[in-house]
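Here is how the chains run, residue by residue.
Protein chains: 2
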Amino acid sequence: MIGVFDSGIGGLTVFKEIARRFPALDIVYLGDTARVPYGTKSPETVLRYSREAAHFLGRQGIELLVVACNTSSALALDTLQRELPIPAVGVIRPGARRAVAATRNGRIGVIGTPATVKSGAYVRAIHEIAPSMSVVSATCPLFVPLAEEGWTDNSVAREASRIYLEPVARDGIDTLVLGCTHYPILRVVIGAVMGPAVTLVDSAEPVADEIDQHLRTLGRIPDHGQGSRRFFVTDSWERFREVGARFLGHSIERLEQVSIVGE
Amino acid sequence: MIGVFDSGIGGLTVFKEIARRFPALDIVYLGDTARVPYGTKSPETVLRYSREAAHFLGRQGIELLVVACNTSSALALDTLQRELPIPAVGVIRPGARRAVAATRNGRIGVIGTPATVKSGAYVRAIHEIAPSMSVVSATCPLFVPLAEEGWTDNSVAREASRIYLEPVARDGIDTLVLGCTHYPILRVVIGAVMGPAVTLVDSAEPVADEIDQHLRTLGRIPDHGQGSRRFFVTDSWERFREVGARFLGHSIERLEQVSIVGE
Numbered sequence: 001m002i003g004v005f006d007s008g009i010g011g012l013t014v015f016k017e018i019a020r021r022f023p024a025l026d027i028v029y030l031g032d033t034a035r036v037p038y039g040t041k042s043p044e045t046v047l048r049y050s051r052e053a054a055h056f057l058g059r060q061g062i063e064l065l066v067v068a069c070n071t072s073s074a075l076a077l078d079t080l081q082r083e084l085p086i087p088a089v090g091v092i093r094p095g096a097r098r099a100v101a102a103t104r105n106g107r108i109g110v111i112g113t114p115a116t117v118k119s120g121a122y123v124r125a126i127h128e129i130a131p132s133m134s135v136v137s138a139t140c141p142l143f144v145p146l147a148e149e150g151w152t153d154n155s156v157a158r159e160a161s162r163i164y165l166e167p168v169a170r171d172g173i174d175t176l177v178l179g180c181t182h183y184p185i186l187r188v189v190i191g192a193v194m195g196p197a198v199t200l201v202d203s204a205e206p207v208a209d210e211i212d213q214h215l216r217t218l219g220r221i222p223d224h225g226q227g228s229r230r231f232f233v234t235d236s237w238e239r240f241r242e243v244g245a246r247f248l249g250h251s252i253e254r255l256e257q258v259s260i261v262g263e
Numbered sequence: 264m265i266g267v268f269d270s271g272i273g274g275l276t277v278f279k280e281i282a283r284r285f286p287a288l289d290i291v292y293l294g295d296t297a298r299v300p301y302g303t304k305s306p307e308t309v310l311r312y313s314r315e316a317a318h319f320l321g322r323q324g325i326e327l328l329v330v331a332c333n334t335s336s337a338l339a340l341d342t343l344q345r346e347l348p349i350p351a352v353g354v355i356r357p358g359a360r361r362a363v364a365a366t367r368n369g370r371i372g373v374i375g376t377p378a379t380v381k382s383g384a385y386v387r388a389i390h391e392i393a394p395s396m397s398v399v400s401a402t403c404p405l406f407v408p409l410a411e412e413g414w415t416d417n418s419v420a421r422e423a424s425r426i427y428l429e430p431v432a433r434d435g436i437d438t439l440v441l442g443c444t445h446y447p448i449l450r451v452v453i454g455a456v457m458g459p460a461v462t463l464v465d466s467a468e469p470v471a472d473e474i475d476q477h478l479r480t481l482g483r484i485p486d487h488g489q490g491s492r493r494f495f496v497t498d499s500w501e502r503f504r505e506v507g508a509r510f511l512g513h514s515i516e517r518l519e520q521v522s523i524v525g526e
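Just so you know, the sequences run in chain order F and P.
If you use our numbering, the first sequence corresponds to residues 1 to 263, in order.
If you use our numbering, the second sequence corresponds to residues 264 to 526, in order.
Quick caveat, the hints were computed from the structure, so don't treat them as lab data.
The beta carbon of each residue, even a glycine, is placed where N, CA and C say it ideally should be.
You may find that some hints are simply not true.
[What the hints assert, rightly or not] Using C-beta positions, here's what the derived DEER-type ranges look like:
1) G191/F - G324/P: 48 to 58 Å
2) L84/F - A365/P: 55 to 65 Å
3) I129/F - G324/P: 47 to 57 Å
4) V521/P - S259/F: 17 to 27 Å
5) Q60/F - S397/P: 48 to 58 Å
6) I129/F - G454/P: 44 to 54 Å
7) N154/F - G512/P: 29 to 39 Å
8) R322/P - S236/F: 26 to 36 Å
9) T79/F - I426/P: 37 to 47 Å
10) T79/F - N368/P: 51 to 61 Å
11) R283/P - G191/F: 47 to 57 Å
[As the list claims (entries may be wrong)] Among chain P residues calculated to face chain F with C-beta under 8 Å, some are:
12) R298
13) K304
14) L405
15) I426
[What the hints assert, rightly or not] Computed list of lysine to any residue pairs in SDA-like fashion (alpha-carbon distance at most 25 Å, straight line):
16) K381/P - R239/F
17) K16/F - E52/F
18) K118/F - V506/P
Given only the sequences and the hints, what does the whole structure look like? Please build it.
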């Protein structure tokens with residue numbers, strides 16, 4: 001069984017790809033909806049929340065943790081990898097690898113929450129793979145609320161994209177990392193500002209590749225049957241069920257509200 | 264000493280007016296910045312967070328609690344008033360009274376967070392004072408992130424205002440309650456959509472009036488000296504100090520990070 005954790009509903013973009021690739025795998029998802037968003041909060045607070053989430057999922061009996069939140073991956077993954085008895089996969093290194101593979105001119109853009117960008121985690125991850133890459137970063141604080149509001153392709157989303165991304169587009173990059181699991185939801189307006197020559201990199205697929213490797217090492221890829229899917233949230237489940245179903249394209253059946261404070 | 268509580272920095276618009284009106288009063292402010300925003304969360308979660316905030320401020324020795332958050336006032340004030348040994352003032356009834364006094368045609372608009380609007384608290388408060396009033400409500404979920412981003416008068420703020428408020432403006436109201444302590448920060452773009460014939464009602468002044476009455480009853484209006492000002496936040500204080508100073512127009516001196524979970 002694997003556990004997927006995000007600050008809210010954004011991680012469902014990663015969950016969806018994992019569920020598609022590993023249909024027979026049991027997956028539990030935790031969205032910390034009572035404390036979302038993480039991306040505007042401090043490193044200490046994000047680490048504390050991430051630990052509580054990891055411990056809660058650990059108690060469900062998972063064998064692999066997926067930190068499907070860029071802010072948590074940037075600020076807490078290293079600590080969780082040291083502290084947990086099971087392997088943990090984040091979304092930053094897979095996204096960085098995909099970006100390095102995609103770029104032709106060696107100029108990569110990264111957009112993310114203030115906390116993710118400030119951490120420098122993407123720049124470090126890209127430079128660990130390819131030190132010669134030039135990396136440009138920008139924060140897009142309104143993209144998460146826009147995605148949550150369902151304003152993914154209206155005049156407000158287009159105008160916010162223009163303001164955030166025009167400086168990035170002028171920087172000569174040919175690859176842009178969508179460094180927040182909410183951002184793929186805004187792909188159309190982001191792509192409109194960046195133009196067709198810029199490749200948009202989303203972490204969901206490369207994360208699934210990395211999970212595949214881990215599961216092979218663990219000898220744990222179930223190949224038949226239908227895996228169970230369970231969802232936990234820390235705030236009430238009504239809104240998550242509604243918005244989550246829109247993200248996933250199907251209804252969410254097993255969904256429970258839990259407290260993870262002090263886990 | 265009085266305690267002022269908000270989910271984050273929005274309540275500083277209320278704090279500022281109280282501090283201006285009662286310079287000799289000791290005031291403590293608590294912003295629950297580790298869990299902001301409240302306005303998109305469930306009633307149970309908002310009540311739990313509000314209780315923890317009230318208990319923390321109670322332990323500081325306050326004699327009067329000001330719930331300077333509309334969402335908390337809508338969902339938790341009645342419970343807090345029953346449970347606490349000290350009086351508690353919210354922002355909704357004072358705002359409702361001011362709106363009823365301001366309207367000439369009996370048609371009042373109310374804008375707020377999804378949680379505040381869904382609670383129906385403003386409609387109830389207005390109808391308790393004047394049952395014949397017609398009340399139109401709308402939610403503006405992006406206004407809080409826009410205010411936090413400092414995008415208070417740009418093309419994105421104008422476009423979001425237009426989408427949220429044009430239906431309200433067409434409804435024939437002559438008074439609009441800014442039912443969230445962040446919204447006065449967007450007063451210019453809100454006013455531009457509503458037009459000069461619509462009075463914008465902000466709770467800060469009427470809340471100060473209500474505090475004045477309570478303090479007179481308690482016999483507690485200090486009339487000389489300079490009152491102390493202390494600030495507590497639940498996330499790290501760096502960002503609060505920066506954004507808060509912009510709101511208040513002066514620097515924030517005594518500021519501490521605290522944990523209120525389980526209070």
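Results for each hint:
With their beta carbons about 56 Å apart, G191/F and G324/P fall inside the hinted range of 48 to 58 Å. Against the hinted window of 55 to 65 Å, the Cβ-Cβ separation of L84/F and A365/P comes to about 58 Å, which satisfies the hint. Between I129/F and G324/P the beta carbons are some 56 Å apart, a value that agrees with the proposed interval 47 to 57 Å. Our hint of 17 to 27 Å for V521/P and S259/F holds, since their Cβ atoms are close to 20 Å apart.
Distance hint for Q60/F and S397/P: a CB-CB separation of about 51 Å, consistent with the stated range 48 to 58 Å. For I129/F paired with G454/P, a C-beta distance near 51 Å keeps the hint of 44 to 54 Å intact. At roughly 35 Å, the beta-carbon separation of N154/F and G512/P lies within the given 29 to 39 Å, and the hint holds. Taking the beta carbon of each, R322/P and S236/F are about 29 Å apart, inside 26 to 36 Å as hinted.
In this structure the hint that T79/F and I426/P lie 37 to 47 Å apart at CB holds, the actual value being about 42 Å. Taken as a hint, the range 51 to 61 Å holds for the pair T79/F and N368/P, whose Cβ atoms sit roughly 60 Å apart. Take R283/P and G191/F: their Cβ atoms lie about 48 Å apart, and the range 47 to 57 Å holds. Nearest Cβ of chain F to the Cβ of R298/P: about 5 Å, under the 8 Å cut. The hint holds.
Against a cut-off of 8 Å between C-beta atoms, the interface hint on K304/P holds, since the closest Cβ of chain F lies about 5 Å away. Interface restraint check: L405/P against chain F, minimum CB-CB distance 6 Å, threshold 8 Å, status holds. Annotation: I426/P was flagged as interfacial toward chain F, and the flag holds, the nearest CB pair being 7 Å apart, inside 8 Å. A distance of roughly 13 Å separates the Cα atoms of K381/P and R239/F; the hinted pair therefore holds under the 25 Å criterion.
Restraint check for K16/F and E52/F: the C-alpha separation of about 23 Å stays at or below 25 Å, so the hint holds. Between K118/F and V506/P the alpha-carbon distance is near 17 Å, which keeps this suggested pair within the 25 Å criterion.
Taken one by one, the earlier hints all hold for this structure without exception.
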